[in-house]
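*Asks:* What follows is each chain in one-letter form.
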Amino acid sequence: MREGWILGIESTAHTFSFGLVDADGKPRPSVSDTIRPTEGGIHPREAADHHVELSSQLLRKLLDDNSIKASDLAAVSFSQGPGMGACLRTGAAAARTIAEHLDIPLIGVNHCVAHIEIGREQCGCDDPILLYVSGGNTQVIARLDGRYRVLGETLDIGIGNMLDKFARKHGIPFPGGPVIEKKALEWVSKNPNPSLKGLELPYAVHGMDLAFSGLMSAANKLVSEGEPFEAVCWSIQEHAFAASIEVAERALAHTGKNEILLGGGVACNQRLRDMSEIMCNERGASSHCPPRMYCIDNGTMIARLGWLELISGRTTSLTHSGIDQEMRTDQTPISWP
Amino acid sequence: MEAWIGAQRLHLGAEAEVISGSWFGRPAILKKRKPRGWRHPDLDKHLTSKRMTNEIKLTIWLAEMGAPVPAIWDVDIEEGTIIMEQIDGKPLIEVLQSKQYDDKLLHNVGKAIRFFHRNAICHGDLSTNNILINSDGNAILIDLGLATREYELEGFGIDLHVLHEILRASHPNIENAMDEVLAGYVELDEEMGQAPEAPGGQPPSAKDVVKRLEQIMRRVRYHGG
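Order-wise, the sequence lines are chains P and U.
126 is the number that our numbering gives to position 126 of the first sequence; each next residue is one higher, with no gaps.
Take the position in the second sequence, starting the count at 1, then add 1000; the result is the number in our numbering.
Possibly wrong hints are sitting among the right ones.
To be verified - If you anchor each label on the Cβ, the simulated ranges turn out as follows:
no., chain 1, residue 1, chain 2, residue 2, range
1, U, 1011, P, 335, 45 to 51 Å
2, U, 1171, P, 311, 29 to 35 Å
3, U, 1214, P, 169, 41 to 47 Å
4, P, 186, U, 1191, 58 to 64 Å
5, U, 1102, P, 85, 44 to 50 Å
Just so you know, these hints were derived from the structure itself, not from any lab.
Built from N, CA and C at the ideal position, the CB exists for glycine as well.
Take these sequences, add in the hints, and give me the full structure.
*Replies:* So, in structure tokens, the structure goes:
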């Protein structure tokens, strides 16, 4: 095996991203681009076209930014799943091409596990419960018996998807989450200590599972009944984040662990981070959240997980490099500490 | 004589702190729901009082129906405390980890869940911490804060799905654990016949609930199978 850099390629959904870790697994910032549809949601085919078009220029920029040549790469890893098929295929195709061309190992990795591992690397936490909150995923994950296992998840849509859909209905383009956060802050600054009276929404916690579509419908109804948009944005956050944090706390109580790690795009939200911090303080646990660039989808996390797999002696043959849209978090054996 | 004498904290749950002790000399536990600082106070108050009232009302209803639930001895809604009978039993999570149990164990768990469902109650939080196993190997479901009255298939299916996910995640080495639970779940209907009429109607049959669970498993995002 050649000593050198590991390239990571992320393409599960709207973001195409290349990232690097060095021979010691130390991350370098990713070079990414995200498709932002002018209207409607993400169409997998359009996202895939976007990824293919930008592929070579993003990779070029990553190599230039780090002053390295393609021949300095020791291995290439890519998101093998879960995600949108058309998008995953673009990343996988790029990875196979690079691996074949440079004659270096190829490593297919699980996107969700990559979120956990970059979070552990960035935050220095040891054995956390991951609250993974993104557009497509909302899961509570713990390492148990040599795998990352899903203790609870959304029964309908991902929390980020709920935020984006609500925003879209009210004329805010993708990604809607950050705008909802801004509107919520405006409501709080205009109304210090706001009351939830008249702004109540469903709070769907089933053990460690969650649901968000009822909350979204009820929030749309509040807006159509004339409640201020900012107020509804604030109420959505208060309800949806509280439910997520409660489920994370249930996972702490169930497993006896004492660290929370946040990951996924919605983990960029300061209110969610604050709630996690308070919850952990109240029960003597600690809350961790990687920098925003490593919460959202990024190639660096794929490189980091590829590096962990590589030092554990696992690579992916060309015949086994097919994508898996429904790849499960507990499919990956975890052989590193 | 002092009514309540606390001894030690048994568990710091997400819902409440559970303390063992005695009430008028009898072994008891005190369940205290503390305000959660991370939740908006309006939401927190609403959830706490709703969950406490649920727990009390439904525990009493289930006791009347003959379920082995703890007796409730004292309640203070303002303080968020409930004092109840201490049930003799070990959490299922510990029994499964100890690997010392007979093959009827998970059947009995399924039966205990079905007994709730037959009486139109969803437990709402079926983790392996909330199922106690007594010295006879029977299962007792505790912690009814998230319990609801239910008549729709979906609610019962989700109730089972929560346990399915936890068994798979926390006890992956026990093969077919959920199948065992479901076998007991269906068995109870075979033993007792159709579910009795509950106040809001007829709860669905065990077989129909199991079919719905299978649909839910296929539907959830990436972890169906």
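*Asks:* If a hint holds in the structure, say so; if it does not, say that too.
*Replies:* Hints, one by one, checked against the model:
Checked against the hint of 45 to 51 Å, the C-beta distance between residue 1011 (chain U) and residue 335 (chain P) comes to roughly 33 Å, which is inconsistent with it. Checked against the hint of 29 to 35 Å, the C-beta distance between residue 1171 (chain U) and residue 311 (chain P) comes to roughly 30 Å, which is consistent with it. A C-beta distance of roughly 33 Å is found between residue 1214 (chain U) and residue 169 (chain P), which places it outside the suggested range of 41 to 47 Å. Between residue 186 (chain P) and residue 1191 (chain U) the Cβ separation comes to about 60 Å, which falls inside the hinted range of 58 to 64 Å.
At roughly 46 Å, the beta-carbon separation of residue 1102 (chain U) and residue 85 (chain P) lies within the given 44 to 50 Å, and the hint holds.
In terms of the numbered hints stated before, the structure departs from hints 1 and 3, listed from lowest to highest.
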